[in-house]
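Let's have the full structure, built from the sequences with the hints guiding it.
One-letter residues, chain by chain:
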Amino acid sequence: MKKTLGKHKMVISDNMAFYILLIPFISTFFIFNILPVLSSMVLSLFDYDMLSNPIFIGLDNYSKIFTSDQLFFKTLGTTLKFAVIAGPLGYILAFLLAWMINEFSKTIRVILTFIFYVPSLVGNALYIWQVMFSGDSYAYVNNLLISFGIITEPIQWFQNTQYNFTIVLIIQLWMSMGVSFLANIAGLQNVSVELYEAGAIDGVRTRWHELWYITLPSMKSILLFSAVMQIQSVFSASSLMETLAGYPSVGNSLDTLVSLINDVGTVRYEMGYASALSVILFLIILAIRYIIGGLLTLVGKSDN
Amino acid sequence: MKKYISYILILAIVLSCFVNFGVCAATQIPSSNQNNSEYIQNTHSYQNYITKFSGLNTIGSIKKELNVTLNKQASLDFTINVANEGLYTVGFKYKPLESKTVNLEFGLKIDGVYPYAEAKEFELPRMWKDVETVSVDSLGNEFSPQQIMLDEMYYNLVVDTTGKNGYEYYIHLSSGEHKITLNAINGGFDIEYVEFSAKQDASTYSEPKDTSKFYDGESIIIEGEDAKFKSSAFLSNKGDSSTAKITPHSTEKTVMNYIGGPNWKNVGDTIIWETPYLKEGYYKLSFSFRQNTVIGGKVYRLVAIDGKVPFEEAEEVGFTYKEGWQLTDFSHNDNDQPYYVYFSEGIHEISMTAVLGDMVEVSKKLQEAVIMLSSMYLDINIITGETVDVNRDYNLFGTVPDMENRLIQIKDLLNDSADTLAKVTGQNSGSNYSVIKNMVVILEQMLKSKFDAHKYKSAYYSKYCAVSSVLQDLNNMPLDVDKIILSSPNKENSIETVGFFENLTFSFKRFLMTFVRDYSSLSNAEQGESISVWVNWGRDQAQVLSRLISTHFTPDTGIAVDLKLVNASVVQAVLSGDAPDCILQHNRSEPVNLAMRGALYDLKQFDDLEEVLTRFQPNADIPYRYKDGLYALPDTQKFFVMFYRKDILESYGLTVPKTWNEFDSIAKILIRNNMSVYLPTTVSTSTVQINAGVGSANIFPTLLLQNGVKLYSDDGKTTNLLSTETMEVFKLWTEYYSKQKFPVSLDFYNRFRTGVTPIGIASYETYSTLKVAAPEIDGLWGLTSIPGTVNADGSVSKKISAGGTACGILSTTSNPKNAWEFLKWWTSDETQYNFSVDVENILGTTGRIESSNIEAVRNLSWDDDALDGIMDAWENVEEIPEYPGSYYVTRSIYQAFWNVVNENKSTKDMLMKYGAEANAEMADKWQQYANRN
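Protein chains in written order, with our numbering: chain E, 68 to 371; chain Z, 5 to 937.
Computed list of lysine to any residue pairs in SDA-like fashion (alpha-carbon distance at most 25 angstroms, straight line): (1) Z/Lys917 x E/Val334; (2) Z/Lys232 x Z/Lys312; (3) Z/Lys454 x E/Tyr205; (4) Z/Lys459 x E/Asp203; (5) E/Lys141 x Z/Asp928; (6) Z/Lys662 x Z/Asp868; (7) Z/Lys415 x Z/Ala426; (8) E/Lys131 x Z/Arg601; (9) Z/Lys631 x E/Asn120.
Ranges of calculated distance between the beta carbons of each label pair, as one might list FRET restraints: (10) Z/Leu516 x E/Leu88: 29 to 37 angstroms; (11) E/Ile218 x Z/Asp797: 45 to 53 angstroms; (12) Z/Trp541 x E/Ser288: 44 to 52 angstroms.
Some but not every residue of chain E turned toward chain Z, in silico, with C-beta under 10 angstroms: (13) Ser201; (14) Gly202; (15) Tyr205; (16) Thr219; (17) Pro221; (18) Pro315; (19) Ser316; (20) Tyr336.
The set of hints was computed from the structure by calculation and includes no laboratory data. Here a beta-carbon is modelled for each residue, glycine too, at the ideal position from N, C-alpha and C.
So this is what it looks like as structure tokens:
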């Protein structure tokens, strides 16, 4: 016991320079990331409207969330449904595209990468979807469908619970070729060519074998990184939905947990309650991250 | 058996033919075309009039001293004696009675009749000049000076502000005695005299023979921003600090160094400069200018000396396109030989007036085409309805009157105008050119495949909208003038130009300055008494306010104001402990939200509050009351009015509806003729919009008010959404959409302009958009108060709910008295008026503020009819109070509405469900804040 402690001490004093160099990052990270998380955990125990003094109410906020808040379950459902569909789909799509593009020669690869990355680069590009799916009978999609005789009356795409979820899903997939896509491309290029040669000698027969036993295992860290980015992007897709369908959307069909938190905090002035909601969201994302981490350890494992 | 089947088949075919005929016959209701075009093209057009009398040559002039006041809406008769028959211009020496930004409008009759249609609405400008006080803010930056109306008699000719009929208007007078009648339509004016001068054509330029009279001295520079008078309040000085090419320039401060800009675009807009004392002689005239809007084309100005055009070429001086500033001599189009202009000894006035020049022909033909396109579209629409069934055979060429000939005619007009345009601009690839050509392609397709013509309807529509905006573009003639130079004809260059390196150094210095200048602070509050004000606006608006503060508020009260442009909420400000004293243009629901949490200062503590409240509509302050206090003053207020197309209603023999019953029956007739009506709904909603107040999102609250149902209980603790009366009104409202199929989402401005939606309810700010961007329907539409509900006792309730923003004082303020002074100043008639005019000056008419100050709105530039409509509606505005948690009501109504209209759910269930949610939220908030404060 003593020995290990002493060893630790030695390590710190040995690497003092590194710790000092880390201070700027650690301190800003603490102030702008850790501290807000901690403070929202504390605030979740208070009734706080940002203008008057906070009043301690214990776990009342949490009991209200789980007992009487219908919107919480509704938005949680939408968020999870969206995350479960858009998350893996976007993730797989981002990887597959990266994998395919990686096969091209350099110039074509650069051009294609640019084309796929652009939607997430220009954040406001989603407005073209808003124009396309506008409810006016002269708007693009409505007009096209009307002129083909498929519909006779314009459809209010974002106000109609039958369609709005699917449309937003498609738009999210279109936009999800972001950081995780770029990271995948970078990861693919880092896989050493010797590995493939060795694999070929050792009996890799198909491209699928190659992908499963060589490519994926050697870019595991990139996969985890892009998975985390993906989770983050689907959980924060609320701004997309708010822009397209408004908040609240019809029948709360497109309201996510994040937009609920925003609304409770800034419009209804219940910062304590909003903090409690975000603590729950935080725990959910944390849990999902560990599930994905677990799943990724399976990559490259053969059945036997 | 086979025989029978074929009999049945034949019978079926014959029957279906009849059915088809029946449909066609039923839809062949009056063509809007004839009435429509009659409305626009009066047989007594000026064009016909002027050609009829063009042969006459006249001399002399008739001057009639009047010295009378012609009040608005009044008329005046006088007689004149004409010695020589001929064409005469009409000139007035006059002074408008009140300072407004709109032109004077009046009609002129000769012997009791209007000589031509245009004489019903002659216009005379009001003249403006810069205010004399220094226009420099506390940081030393110049800003464009406020414009004040010239308070003296001045002389102007009656000119054509559409530019289509040449410059001046002429009237024909036969010899003998005539009775002239003037009736003022828009605004009144004092008249000193009227002068009718004989038509005289300016001679063409001839090279001066006597070279000894050439001016031979230093170049004389007249800075554009030193203009003496201008014909519009919107022609003020501007600053361009991006280049050293124009004078004056500065790397550190903002300086005003040119005049014009996008506001100097309308035909007839004139700017007048004064020369210094000149020696007699011939001068070379040069302009330092920028024309970067009419790509490939030219912008035209009529240049006059002392009100007279020196020679014919000066009637249309063209300014070519270039991205940056240019220096050009006034010279011959082909050989660049400069013209020498004669000045007698003394001080002279040089004026530049926007004219259409070579664009007249294009514009005239295109306008005609657009009018025909519009009536054709309406006729097609009557047959096909708004949504075309592609598989149906409409037989458009058989049902629309004279379709083929009309299409060919339109096609020819469009081709003509495109060709002329190509000739004038010297290129046939410009975007305007291709837009016109695209329309031609559609028309050709329709003519080629006659039975499929209906398939092109939506393409027709979009191209037609594009062509009308091209028409508007062509009539815009914006120009920036840096300086006018009078120089010696003997010199090659009028002034020295700035070299490339000099300009580069300037740019670099300016770049360095950006590290020093603080752009977020708009004014420097000096030591002493000061308050801080936050605004979350565009930079232009904030700069206007900053200017007004430094020229009016601070000098008058001695209170300095630290105006900051921020993008943060007040809550953040309070949290950070750095809260301002005042906030302006705050969202509708915020004042009560903040007040219940003790963040706002109660304005009831000021003695003169009652007096201040008289500036607004009597109940404009209702939404800002909480318990016994008043926590904000309204600073904008907007409400619904009804817009209608006079021509279309008239062609169906309909009158403007006064009640909802009348509105319903008109709607039925219009819908039967495949047109639509519009009631406002908020479709794509952000939280901001939905919290902007319950009254402005749709007409449900208005209908509640008119039916005498209150939205909230009297104590404000709960809503009345669950009551049976509310339920009935809600049903009435949703049935407009679910049963009568009013469109829930449409682009009202475009539909109204094409005439497909000839009647609709929208916020009154739509007036500005229509006025500016839809010139082709000018005079064909009107606005009035929205329809009312007939009560049991027969009276009509025309109440309207409203929306808007407010300004208040934060309770953390250390100096409430000064903050109150500021609020009083900000909401005063003068400030609100000046602010709105100055913002319009920068952003154009569409930048108009919907001020809550009645006098300020009244003085802005409205047509008198429109103003009456707005004022009438405003009187009927009734605000709905705000209570803790009431922001939830807007959402509940929105949710219930869409669930009923889109998902066909029961009105009762939905209102119950969402009404209960709103009630719960309100109860929650009341309970939470019951014991605070």
